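Peer 1: From first to last, the protein sequence lines are chains F and S. Heads up, the first sequence is in our numbering, so the first residue is 72 and it goes up one at a time. Heads up, the second sequence is in our numbering, so the first residue is 72 and it goes up one at a time.
FYI, nobody ran anything at the bench for these hints, they're computed from the structure. Here the structure is a predicted model, which means the values were calculated and not measured. Heads up, a few of these hints could be off.
Because identical chains cannot be distinguished in the list, a pair is counted as satisfied if it fits within a single copy or across any two copies.
To be verified - As a list, the in silico DSSO-like pairs of lysine-lysine whose alpha-carbon atoms are at most 27 Å apart:
{"no.": "1", "residue 1": "Lys196", "residue 2": "Lys157"}
{"no.": "2", "residue 1": "Lys222", "residue 2": "Lys157"}
{"no.": "3", "residue 1": "Lys196", "residue 2": "Lys234"}
{"no.": "4", "residue 1": "Lys75", "residue 2": "Lys221"}
{"no.": "5", "residue 1": "Lys157", "residue 2": "Lys119"}
{"no.": "6", "residue 1": "Lys264", "residue 2": "Lys97"}
{"no.": "7", "residue 1": "Lys196", "residue 2": "Lys219"}
{"no.": "8", "residue 1": "Lys219", "residue 2": "Lys75"}
{"no.": "9", "residue 1": "Lys222", "residue 2": "Lys264"}
{"no.": "10", "residue 1": "Lys97", "residue 2": "Lys222"}
{"no.": "11", "residue 1": "Lys222", "residue 2": "Lys75"}
{"no.": "12", "residue 1": "Lys219", "residue 2": "Lys97"}
{"no.": "13", "residue 1": "Lys196", "residue 2": "Lys75"}
{"no.": "14", "residue 1": "Lys221", "residue 2": "Lys264"}
{"no.": "15", "residue 1": "Lys97", "residue 2": "Lys196"}
{"no.": "16", "residue 1": "Lys196", "residue 2": "Lys264"}
{"no.": "17", "residue 1": "Lys219", "residue 2": "Lys119"}
{"no.": "18", "residue 1": "Lys157", "residue 2": "Lys221"}
{"no.": "19", "residue 1": "Lys234", "residue 2": "Lys221"}
{"no.": "20", "residue 1": "Lys119", "residue 2": "Lys196"}
{"no.": "21", "residue 1": "Lys219", "residue 2": "Lys264"}
{"no.": "22", "residue 1": "Lys234", "residue 2": "Lys224"}
{"no.": "23", "residue 1": "Lys234", "residue 2": "Lys222"}
Number of protein chains: 2
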Amino acid sequence: MSAKIVTISRQFGSGGRTIGRMAAEKLGVPCYDQELIDRIAEESGLVKAYVEENSENVAGGWLSFTAGRDFYGHSLQDDLFRAQTKVISDCAAAGPCVIIGRCADYILEDDERVLKVFIHASMEKRAERIVSQYGETADDPVHRLREKDKKRKAYYQLYTDRKWGDAANYHLTLDSGALGLETCAEIIAMLAK
Amino acid sequence: MSAKIVTISRQFGSGGRTIGRMAAEKLGVPCYDQELIDRIAEESGLVKAYVEENSENVAGGWLSFTAGRDFYGHSLQDDLFRAQTKVISDCAAAGPCVIIGRCADYILEDDERVLKVFIHASMEKRAERIVSQYGETADDPVHRLREKDKKRKAYYQLYTDRKWGDAANYHLTLDSGALGLETCAEIIAMLAK
Numbered sequence: 072m073s074a075k076i077v078t079i080s081r082q083f084g085s086g087g088r089t090i091g092r093m094a095a096e097k098l099g100v101p102c103y104d105q106e107l108i109d110r111i112a113e114e115s116g117l118v119k120a121y122v123e124e125n126s127e128n129v130a131g132g133w134l135s136f137t138a139g140r141d142f143y144g145h146s147l148q149d150d151l152f153r154a155q156t157k158v159i160s161d162c163a164a165a166g167p168c169v170i171i172g173r174c175a176d177y178i179l180e181d182d183e184r185v186l187k188v189f190i191h192a193s194m195e196k197r198a199e200r201i202v203s204q205y206g207e208t209a210d211d212p213v214h215r216l217r218e219k220d221k222k223r224k225a226y227y228q229l230y231t232d233r234k235w236g237d238a239a240n241y242h243l244t245l246d247s248g249a250l251g252l253e254t255c256a257e258i259i260a261m262l263a264k
Numbered sequence: 072m073s074a075k076i077v078t079i080s081r082q083f084g085s086g087g088r089t090i091g092r093m094a095a096e097k098l099g100v101p102c103y104d105q106e107l108i109d110r111i112a113e114e115s116g117l118v119k120a121y122v123e124e125n126s127e128n129v130a131g132g133w134l135s136f137t138a139g140r141d142f143y144g145h146s147l148q149d150d151l152f153r154a155q156t157k158v159i160s161d162c163a164a165a166g167p168c169v170i171i172g173r174c175a176d177y178i179l180e181d182d183e184r185v186l187k188v189f190i191h192a193s194m195e196k197r198a199e200r201i202v203s204q205y206g207e208t209a210d211d212p213v214h215r216l217r218e219k220d221k222k223r224k225a226y227y228q229l230y231t232d233r234k235w236g237d238a239a240n241y242h243l244t245l246d247s248g249a250l251g252l253e254t255c256a257e258i259i260a261m262l263a264k
């Protein structure tokens, strides 16, 4: 296997984004994450704030998702997903890179150059991390994590028809809380070289 | 994390047993697999053939499992699981090692020295492997795999109350079909050193 395009799915607070950036640096390839937002906004004609809020989450859960559909069952979120598919395919076509989130593993699944990675950690480790990274809020960190998990999971399942976090969907899954971010980045870089 | 005891859960036909042996060799530690059968038989007083057939599978599925219970809801399979817990805990207490299957990840989960690994591969790769390893049978290899998956899954869920193959239960999961057995063994040995 000579994987050159790494897709990183991750639980909120697992440090997956940081691991992706570290692996990209080791590999000397671009890492697409926030950069994707601008490109998806441009491709879809949707405003950036909407893309940011909805490109990985089913906002408000299943009910609000179905409520937003028009007569043909079509929604803004579907437009967004189409634009996302186009942008992610373009990134992959441009060559080796690391792509964070946004169902890239599914969008690129027929591309043999892809190494599909999932990063997770225990609730305890993730709670520690979000408090140190994003600060305390009135909302309990465990509650924030549960809400975010729920939205990402619903989004992934809706567009991929797969179980979020099922090992079978990935070449590699890593517990960043137990193994450490640096070790995770090393393993990814080793496999993607 | 200084993991010294590696537990390997694996899909049938994924090469997980071979990977475990290769990793143990790299680490210079014992690998417990078939050896466990004798020890569990001795500990439980059950015959070896019964242990072999039932130490990872719910034989015949849920119905036969519930049918085998006595008035108190107790079954031979529970005796077996208790003996298995004792033997696996003894192996871990004796020092660094690799343990294949038998819910060792769950049995040893409070032990901080443990590195929990899950090995899987696509149906296609596993079908190729079981035919090359165990030969053709009248039964289609994909059907054989599905039956075995079902039994292992039921067994794991029954005794651990967890989802089989859920990334969250492991420190590391690897697609041996995509990555190759040698690479999988290397990563495990690297993390367990």
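Peer 1: Are there hints from earlier that the structure breaks, and if so, what are their numbers?
Peer 2: 1, 4, 8, 9, 10, 11, 12, 14, 20, 21
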